[in-house]
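Protein chains: 2
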Amino acid sequence: MKKTNKSSGVRLRLVLAPGIAFGPGKAEILKGVKETGSITSAGRRLGMSYKRAWLLVNIMNHDFNGPLVKASKGGQSGGGAILTPLGERVLDCYLKMLAKTEKAVGRDLKQLKKSISI
Amino acid sequence: MKKTNKSSGVRLRLVLAPGIAFGPGKAEILKGVKETGSITSAGRRLGMSYKRAWLLVNIMNHDFNGPLVKASKGGQSGGGAILTPLGERVLDCYLKMLAKTEKAVGRDLKQLKKSISI
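Chains A and B supply the protein sequences, listed in that same order.
Mapping the first sequence onto my numbering, position 23 (from 1) lands on 55, and the numbers just tick up by one.
Mapping the second sequence onto my numbering, position 11 (from 1) lands on 43, and the numbers just tick up by one.
The hints are simulated quantities; they were obtained by calculation from the structure and are not laboratory data.
A hint or two may mislead.
No copy labels: a pair is met if it fits in one copy or bridges any two.
Unchecked claim - Here are the simulated DSS-like pairs of lysine-lysine, each with C-alpha atoms no more than 27 Å apart in a straight line:
(1) 135 <-> 83
(2) 145 <-> 102
(3) 145 <-> 66
(4) 132 <-> 105
(5) 146 <-> 132
(6) 146 <-> 38
(7) 135 <-> 105
(8) 83 <-> 105
(9) 145 <-> 38
(10) 83 <-> 142
(11) 105 <-> 145
(12) 102 <-> 142
(13) 38 <-> 105
(14) 102 <-> 135
(15) 146 <-> 66
(16) 146 <-> 102
(17) 146 <-> 63
(18) 142 <-> 66
(19) 146 <-> 105
(20) 83 <-> 66
(21) 105 <-> 142
(22) 128 <-> 105
(23) 132 <-> 83
For clarity, every value in this text was computed on a predicted model and none was experimentally measured.
All chains, full assembly: derive it from the sequences and hints.
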């Protein structure tokens, strides 16, 4: 079972241009960075390897017209990471779109759930 | 690049229960069966192997409380396949939900597209 299939509900994936997509995984990484201040912690929370979390961040930073996540060096506690203003805007926009989707299709989803075999 | 990332727009995935999801791929298979009368042709149209198309159909037929696709044997032209009434309902419901989603988030998507680097 895919990790993204664990809890029932709507998953929204936005294809912004051919080959450039933003969906639940990237949104969770941004949310995780915002809440934990670290790319590694954000990835760990999602059961994702350090390498994969960084890869997703690098892809996002490359796809948008500015970085969404900025790594900060140094300090006694080692490096951390924060969302840039653009990163905050992209995450906010995605979460708003997800909420609008849930509102728009919530009733249909409830109906459709009645058609499954469990 | 994933096939599903070729054209820009919204992708909607519904997790109906843990491990039971219905999204663009399954919807395209149902649409293809409806339009071509054949699981193999439906898969071919999506660049999918015969085996994968049948696998998706079998998963759907198992996940819902009745088959969505019914294979029909025989005739001079060999076997074909049709959507069952439940299959028609599930496809219609998904397509309506997709249209509602596109309407609900269309403006935001247009805005977000301005933030990418191409």
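Okay, the hints, checked on the actual structure:
no.: 1; hint: 135 <-> 83; in the structure: neither (35 Å within a copy, 37 Å between copies)
no.: 2; hint: 145 <-> 102; in the structure: between (41 Å within a copy, 21 Å between copies)
no.: 3; hint: 145 <-> 66; in the structure: between (33 Å within a copy, 22 Å between copies)
no.: 4; hint: 132 <-> 105; in the structure: neither (37 Å within a copy, 44 Å between copies)
no.: 5; hint: 146 <-> 132; in the structure: both (23 Å within a copy, 20 Å between copies)
no.: 6; hint: 146 <-> 38; in the structure: within (18 Å within a copy, 32 Å between copies)
no.: 7; hint: 135 <-> 105; in the structure: neither (41 Å within a copy, 43 Å between copies)
no.: 8; hint: 83 <-> 105; in the structure: within (18 Å within a copy, 50 Å between copies)
no.: 9; hint: 145 <-> 38; in the structure: within (15 Å within a copy, 29 Å between copies)
no.: 10; hint: 83 <-> 142; in the structure: neither (37 Å within a copy, 31 Å between copies)
no.: 11; hint: 105 <-> 145; in the structure: neither (48 Å within a copy, 31 Å between copies)
no.: 12; hint: 102 <-> 142; in the structure: between (40 Å within a copy, 25 Å between copies)
no.: 13; hint: 38 <-> 105; in the structure: neither (35 Å within a copy, 37 Å between copies)
no.: 14; hint: 102 <-> 135; in the structure: neither (33 Å within a copy, 33 Å between copies)
no.: 15; hint: 146 <-> 66; in the structure: between (37 Å within a copy, 23 Å between copies)
no.: 16; hint: 146 <-> 102; in the structure: between (44 Å within a copy, 21 Å between copies)
no.: 17; hint: 146 <-> 63; in the structure: between (32 Å within a copy, 21 Å between copies)
no.: 18; hint: 142 <-> 66; in the structure: between (32 Å within a copy, 25 Å between copies)
no.: 19; hint: 146 <-> 105; in the structure: neither (51 Å within a copy, 30 Å between copies)
no.: 20; hint: 83 <-> 66; in the structure: within (19 Å within a copy, 43 Å between copies)
no.: 21; hint: 105 <-> 142; in the structure: neither (47 Å within a copy, 35 Å between copies)
no.: 22; hint: 128 <-> 105; in the structure: neither (31 Å within a copy, 48 Å between copies)
no.: 23; hint: 132 <-> 83; in the structure: neither (32 Å within a copy, 37 Å between copies)
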